[in-house]
Amino acid sequence: MSPFLFWIFALLMLMFGAAVIINRNPVASALSLVVSFLGLAALFISLDAYFIGIIQVLVYAGAIMVLFLFIIMLLDLRVEELRKINWIATAGGLAVALALMVQIFAVVESFPAAKQTFPPLVRPGSDDVHRIGLLLFNNYNLPFQIIGIVILVATVGVILLSRRETR
Amino acid sequence: MITLGHYLVVSGILFAIGFAGVMVRRNIIIILMALELMLNAANLSLVAFSRFHVDATGAPSYNAQVFVFFIITVAAAEVAVGLAIIVALFRLRQTTHVEDITKLKF
Numbered sequence: 003m004s005p006f007l008f009w010i011f012a013l014l015m016l017m018f019g020a021a022v023i024i025n026r027n028p029v030a031s032a033l034s035l036v037v038s039f040l041g042l043a044a045l046f047i048s049l050d051a052y053f054i055g056i057i058q059v060l061v062y063a064g065a066i067m068v069l070f071l072f073i074i075m076l077l078d079l080r081v082e083e084l085r086k087i088n089w090i091a092t093a094g095g096l097a098v099a100l101a102l103m104v105q106i107f108a109v110v111e112s113f114p115a116a117k118q119t120f121p122p123l124v125r126p127g128s129d130d131v132h133r134i135g136l137l138l139f140n141n142y143n144l145p146f147q148i149i150g151i152v153i154l155v156a157t158v159g160v161i162l163l164s165r166r167e168t169r
Numbered sequence: 181m182i183t184l185g186h187y188l189v190v191s192g193i194l195f196a197i198g199f200a201g202v203m204v205r206r207n208i209i210i211i212l213m214a215l216e217l218m219l220n221a222a223n224l225s226l227v228a229f230s231r232f233h234v235d236a237t238g239a240p241s242y243n244a245q246v247f248v249f250f251i252i253t254v255a256a257a258e259v260a261v262g263l264a265i266i267v268a269l270f271r272l273r274q275t276t277h278v279e280d281i282t283k284l285k286f
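Protein sequences appear in the order of chains W and P.
The first sequence lines up with residues 3 to 169 when you count with the numbering used here.
The second sequence lines up with residues 181 to 286 when you count with the numbering used here.
Heads up, a few of these hints could be off.
To be verified - When the alpha-carbon atoms are kept at most 25 Å apart in a straight line, the in silico SDA-like pairs for lysine to any residue are as follows:
hint, chain 1, residue 1, chain 2, residue 2
1, P, Lys283, W, Ser164
2, P, Lys285, W, Asn88
3, P, Lys283, W, Gly95
4, P, Lys283, P, Val261
5, P, Lys283, P, Val202
6, P, Lys283, P, Leu215
7, P, Lys285, W, Gly94
Unchecked claim - FRET-style restraints, in silico, Cβ to Cβ:
hint, chain 1, residue 1, chain 2, residue 2, range
8, W, Leu13, P, Arg271, 39 to 49 Å
9, W, Phe113, P, Ile281, 39 to 49 Å
10, W, Phe107, P, Ile251, 17 to 27 Å
Quick caveat, the hints were computed from the structure, so don't treat them as lab data.
Just so it is clear, the structure is predicted and the values come from calculations on it, not from any experiment.
Heads up, the beta-carbon is just placed ideally off N, CA and C, and yes, glycines get one too.
With the rest of the complex left out, here is chain W:
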């Protein structure tokens, strides 16, 4: 992977990730989140995880973000922009997040493996969908079926929650 591309996509992802929480307009936040997820998908592909990168674009940048935009436009949230900012809560939240970031830096700094580069692959970019599929249906068959039940329960739950009370 080229260092130049890594920095471009990492900066793109972090800048638009910050834009998600800085923007006061929810629609702009959702669109920034799309760009952030596209940058993240590029980082996945730079790590030779092609399947995960494509799933990221399809599921997150495609399905989930359309759901977010649909709900934002359905609820018509323009009133929220006029609220004044609670500066004490903002400063407290930023301080806690900054402390977390410093701690993550310290942990990565004291982690010896973090200074090593990635070892080369024997066959780069060949068959990761095949290998993930084999693992998914052999070693992780039960979790895979449980995740299917989770999706089913979520679907039923969403229909139940969004139904109007008729009585």
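Starting from the known structure of chain W, arrange chain P on it as the hints suggest.
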């Protein structure tokens, strides 16, 4: 050269951004988006470790990528249920601002 540490630091910064979003923002929809950012930061470090651990046949460790697949699936279900709850709440109280929702406050 790009090392494992670079990816871990980027993932940590992304997690901190998501965490700051949950702490600072008061709009439930933005809080849900910040939660998604945190889940994705965890995914990035999992994929980086998967690429870092090359096994005897010279292939990355795909177990972590299966785990990321599960996380993405659960996140999709979580967003669907969360947004349905927000819509139900908005119908009831006409707001998505967390400070307006004090029904359970003691």
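If any of the earlier hints don't hold here, list their numbers in rising order.
none
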